[in-house]
Each structure stands twice: as structure tokens, then as C-alpha cells.
Amino acid sequence: MTRKRAPSKSTSLVLSHLRMQPYYGYALIKITGLKSGTLYPILMRLKERGVLTSSWEATQNPGRPPRQLYKLTPKGRAHANEVLSEDDGLQVNIQSNLGGMTS
Amino acid sequence: MILSALIWVSMARRIMPDANKDWLDAMEAELFAISDSAMRQKFAFGCFQTALFYAARSRKGLSYIARGGGALLIVMMCFYGILHSTRIGASEELLAISYLISGLCLFYLGGAALLLTSLKGLKIYAILGFAAALISAIYCRFTTQSFEGLPADFLVAINFEVAGIMLCLFLASLYLNCLYKPELDDA
Chain A
1 MTRKRAPSKS TSLVLSHLRM QPYYGYALIK ITGLKSGTLY PILMRLKERG
51 VLTSSWEATQ NPGRPPRQLY KLTPKGRAHA NEVLSEDDGL QVNIQSNLGG
101 MTS
Chain B
1 MILSALIWVS MARRIMPDAN KDWLDAMEAE LFAISDSAMR QKFAFGCFQT
51 ALFYAARSRK GLSYIARGGG ALLIVMMCFY GILHSTRIGA SEELLAISYL
101 ISGLCLFYLG GAALLLTSLK GLKIYAILGF AAALISAIYC RFTTQSFEGL
151 PADFLVAINF EVAGIMLCLF LASLYLNCLY KPELDDA
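Top line first, the protein sequences correspond to chains A and B.
For what it's worth, my numbering labels the leading residue of the first sequence as 1, then goes sequentially.
For what it's worth, my numbering labels the leading residue of the second sequence as 1, then goes sequentially.
Since the hints were made in silico from the structure, they are not lab data.
Please note: incorrect hints may appear among the correct ones.
Stated by the list, open to error - Under the rule of at most 20 Å between Cα atoms (straight-line distance), these lysine to any residue pairs were calculated in the SDA-like manner:
{"#": "1", "chain 1": "A", "residue 1": "LYS30", "chain 2": "B", "residue 2": "ASP36"}
{"#": "2", "chain 1": "A", "residue 1": "LYS30", "chain 2": "B", "residue 2": "GLU28"}
{"#": "3", "chain 1": "A", "residue 1": "LYS35", "chain 2": "B", "residue 2": "ILE7"}
{"#": "4", "chain 1": "A", "residue 1": "LYS35", "chain 2": "B", "residue 2": "ALA33"}
{"#": "5", "chain 1": "A", "residue 1": "LYS47", "chain 2": "A", "residue 2": "GLU57"}
{"#": "6", "chain 1": "A", "residue 1": "LYS47", "chain 2": "B", "residue 2": "LYS21"}
{"#": "7", "chain 1": "B", "residue 1": "LYS42", "chain 2": "A", "residue 2": "GLY33"}
{"#": "8", "chain 1": "A", "residue 1": "LYS47", "chain 2": "B", "residue 2": "ASP22"}
{"#": "9", "chain 1": "B", "residue 1": "LYS21", "chain 2": "A", "residue 2": "LYS30"}
{"#": "10", "chain 1": "A", "residue 1": "LYS71", "chain 2": "A", "residue 2": "ARG19"}
{"#": "11", "chain 1": "B", "residue 1": "LYS42", "chain 2": "A", "residue 2": "GLY37"}
Full structure from sequences and hints, please.
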């Protein structure tokens, strides 16, 4: 029987924001306050588990390369709902931070 | 964080395992979206940390970390030995041996770091180390120069050993180039 580990606070924070809307990497860094060295291992781990998916999106600025947009899969959305329903305090903080930051 | 952001990303690209290299493309694309240069550098440094983390998780990375970490531990012990010896007035020979071992371990750490990032750099490093050790050995042999109480013969022997190690390092880097040319060849 495998033991279910609760995700870390940083992972829960990332999941809670991604549950609201898709984000680019740097936008997630700005809104969560996490460093890139913390965020990207979380994103990589979530993608390995099939919780997250990514797609290349062309930017509005011409001459700039496309960027990766991260969003939750249906499995990821269910997982995020399960995780976040156990942590109402985190959701209150997320609501206050939301500002439609996708860029 | 004094290196340019793109240098951190290019170093990350060298050490990130192949299975995760596409993430570096994504990180590099984000760099262009960051206008503040300080933030850009912090972001790029974080990307390097991520690559280091994933390189360490791979078997190759763990081996480097174990060997590099071991060498660093020996260097720190030697520095402690040097500080302690200068305070209590231990023998000059012990102090000199501590200096030499510290220097050798720093040399080894440098080689390990180069092996992780650049085979070409490692070849140059090994050849320079070989030349320096050989010249030093010849100098000590013909001038009978001693160092902090250590006799010249001892110094000659140490230098020949270092020259041998450096030569092996050079030959090993040539061998690695033949084995893993598509991955480790420097453009």
C-alpha cells in the first residue's frame, strides 16, 4: 500500500493559481513569488505525473519567440480540487493575489 | 550572479539530462519576456539550479557530486588543518603538506567542473597542468629547491605524480571524445 504524501505549500500554491487560468512561466513566478529554481522543478514534476500540460503560444510582441503556456489537465484539475479543498486558508490568499496576470 | 543570463542558460543546457532539455527551450523563451535585467539574471540562475538538480538526480550527476563533494571536503579539512597549525605552531612539514593537498584538491575540483561542462576546456586545463607540474618538477630537481622544510626530492616526486595525473586526465578526455562525440563535442 503506497502512502499518499500531501503536496508541498509551493506546489499547492502553483496548483491553486493554475486552477483559475493558464499561466506563462514568468507570470507564475510573479504571482506566486516563487523563484524559477523552485517553480520549474514543480512544473516538471507535475507534467511528469500528467497533472499539467503545456503548449507553445505566439506572443503579442513581434520578433519575440513563442512562450510555453501551462494549464492543468482534467486529471490535474481534479487533483487540484482535492488538494485545495483540504486547505481553505490557501484559497483565501490566492483570491487576494489574483490580478489576471498571464503575461 | 555576475554572469550574463544567457551564459547561465547555456551552462544549464550542457548539464541538463536529454529527457528534460525541452524545458530549457521554455525557460530561454521566458527570458525574452523579462524586461528587468536583475530579474532576468535571477531567473536564469534559477534555471541553472533546476538543471543542476536534474543532473544530480541522474546517475552521472550523482557521481560528479560525490567526487566533487569529496574533494571539497578534503580541501576544507586541509584549510582547517592549515589554520589550526598556524595557531598552535605545528611542524612546517605538516603545514606544507596541507598546502600541497589543498592545491591538488582544488586542481581536481576544477577538472571535475570542466568535465561537467566542457571537454575542450578540460583538455586545455589538463595540458596546462601537465606542463606546469613537469616544469616545477624539473626546477625542483635541478635547483634542489625546498619548500617549507620539505626536501627537494619529495617535491620532485609530488610534481611528477601531478604531471602523471594531468596526462591521464588529458588522455581520458580524448577517450571520452571518441566515445561520446555526438553529445560532448564542443562546437
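### Task
Please name the hints from earlier in the document that this structure breaks, with their numbers sorted from lowest to highest.
Failing hint: just 9.
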